[in-house]
Amino acid sequence: MNWQVKLLVVLLAAFGALDLYLALLWSPPEAQMGDLVRIMYFHVASAWTAMLAFSVAFVTAVLYVIFRQIKWDVISVSSVEIGLVYTSITLVTGMLWAKPIWNTWWTWDPRLTTTLILWFLFIGYTLLRGTVSGLERRALVSSIYAIVAFADVPVIHLSVKLWRSIHPDLITDSGFQMPGSMAFTLMFGFVVFLLVYVLLLYMRAKSEFLRLRLFQLRQASRALSRDERGGM
Amino acid sequence: MNAWRVFGYLVWKDIKIEFRGKQFLAASATFGVLMLFITGVAMDAAPSLPVTWSAGLLWLNVFFTTAIGLTRHDRKDKEYGASLGLRLIPADPSVVYYAKWVSTCALILLAQAALVLAFFVMFNQHTPSLLGMFVMTLVGGIVGLSGIGSFLSAVTAESAMRDLLLPLLLFPLSVPLFLAVLKITVGAFSAPAFIPWVWVDVLAGYVVMVAVLPWLLYEVLMEV
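Protein sequence lines, in the order shown, are assigned to chains A and B. Read left to right, the first sequence gives residues 1 to 232 (the working numbering). Read left to right, the second sequence gives residues 1 to 224 (the working numbering).
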């Protein structure tokens with residue numbers, strides 16, 4: 001890690017501590033849910049960040065298919081992996097919240113259902129990627145799958161919403177449906193989650209680039225050994 | 001050679017090869033009936049089930065049975081070296097996809113006929129009030145499912161875990177289709193019958209999506 005990254009980690013740790021303070025102590029309890037509402041600051045922020053991560057994966061997958069530059073594929077896979085972590089956080093916090101509020105760990109609500117399907121879709125992406133050999137083939141196949149999977153998400157959400165819906169809408173056409181202090185805490189949490197995503201994306205992409213470089217060097221070294229053996 | 005002729009030849013090739021041995025039709029139909037039998041046993045051999053349950057079981061079995069037959073074309077193409085020839089066809093590569101879609105769909109429809117018959121017998125189902133709607137839903141559902149399945153079959157062609165991975169990718173992607181055919185089937189069997197038009201729209205939209213997306217992406221996929 002270079003000093004800029006270290007500095008960013010320290011800054012994010014400070015922001016994270018502040019976010020915990022705002023979410024757990026500073027923001028007021030909700031009239032009906034009481035302190036349970038504090039889960040929302042983590043649940044919603046992780047859900048938004050996960051959607052952003054999959055959107056980035058989609059855009060970079062399209063860019064890879066168009067330009068065939070491996071950097072787009074590296075960013076795409078890094079973003080999917082981080083998006084999966086955030087989706088897992090969303091699902092777990094959602095279930096923890098649902099139990100005391102809706103009296104069940106799981107309910108077939110459109111957003112919960114869509115999020116779980118999204119999780120399965122991109123788990124499939126990582127499995128597909130792990131079982132296809134060849135650098136370019138793997139990049140192309142997984143990019144195409146990412147495009148199809150992401151394009152299907154709005155259709156999935158629409159159909160599940162038509163099926164059944166009980167999830168509250170936090171943001172409507174008239175703005176945030178909560179007091180200003182809660183809205184501020186929510187947005188602050190989202191920014192912190194977003195910055196963590198950016199940092200993780202940078203570090204994961206960098207490690208993937210290093211892995212690729214190592215792979216290329218190994219290939220070059222093998223080719224050189226073969227040439228030397230052939231020359232003798 | 002124009003694209004329509006290429007398309008016709010490819011569909012004819014797949015169907016002709018299948019009818020030489022009929023293994024897929026026989027295995028798929030038998031598996032479908034067996035699955036229905038197993039689910040009937042799992043439901044404690046109930047003499048009659050609510051229509052929402054029986055429709056769900058029917059489509060669950062249709063989806064499972066379809067998923068096992070989707071890689072059949074590619075296996076045969078690879079076995080006989082035809083996959084190389086397909087890359088050289090004098091037409092847009094998406095024609096290969098549409099041909100595979102149509103031949104897969106036709107064969108699955110034939111195989112599912114046994115499953116649907118068994119559904120009426122084993123689950124003691126009465127004739128649907130809207131028989132035409134039920135038949136159209138069956139055809140529409142299988143068209144959509146075989147379309148996305150044919151595309152995913154090409155996506156997973158180079159995967160080392162293809163047989164496991166294909167259903168894993170197929171089922172989450174086909175959730176809208178599953179919900180739509182389920183709701184329309186329930187409508188067709190209910191008394192009084194009703195047509196949930198919004199789900200008809202979802203079904204039609206899904207089939208359109210399955211028809212358009214591969215047209216944009218299949219050519220790229222054939223490069224690998």
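Hints listed in this document are in silico derivations from the structure and should not be mistaken for laboratory results. A virtual CB, placed ideally from N, CA and C, is assigned to each residue, including glycine. Errors might be hidden in some of the hints.
[Stated by the list, open to error] Facing chain B, a subset of chain A residues (Cβ under 7 Å, in silico):
hint : residue
1    : V62
2    : F67
3    : I70
4    : P110
5    : L112
6    : L135
7    : R137
8    : I144
9    : V148
10   : D152
11   : S159
[Stated by the list, open to error] Listing some non-contacts, in silico: residues in chain A with all C-beta distances to chain B over 10 Å:
hint : residue
12   : L121
13   : I123
14   : G124
15   : A149
16   : R213
17   : R222
Now the hints, each set against the structure:
1. V62: Hint on V62 of chain A: violated, closest Cβ of chain B at ~10 Å, above 7 Å.
2. F67: 12 Å, violated
3. I70: With Cβ-Cβ at 14 Å, over 7 Å, it is violated.
4. P110: 11 Å, violated
5. L112: Status violated, d = 13 Å.
6. L135: At about 11 Å, which exceeds the 7 Å cut-off, the nearest Cβ of chain B leaves the hint on L135 of chain A violated.
7. R137: Hint on R137 of chain A: holds, closest Cβ of chain B at ~4 Å, below 7 Å.
8. I144: At about 5 Å, which falls below the 7 Å cut-off, the nearest Cβ of chain B leaves the hint on I144 of chain A intact, so it holds.
9. V148: It holds, given that the least Cβ distance between V148 of chain A and chain B is near 6 Å, below 7 Å.
10. D152: 5 Å, holds
11. S159: 4 Å, holds
12. L121: Per Cβ check, L121 of chain A is inside 10 Å of chain B; nearest 5 Å; violated.
13. I123: About 8 Å separates I123 of chain A from the closest Cβ of chain B, which leaves it inside 10 Å; violated.
14. G124: 4 Å, violated
15. A149: Label violated. Min Cβ-Cβ 7 Å, cutoff 10 Å.
16. R213: The claim holds: R213 of chain A sits with its nearest Cβ about 23 Å from chain B, beyond 10 Å.
17. R222: Non-interface label on R222 of chain A holds, nearest chain B Cβ at 22 Å vs cutoff 10 Å.
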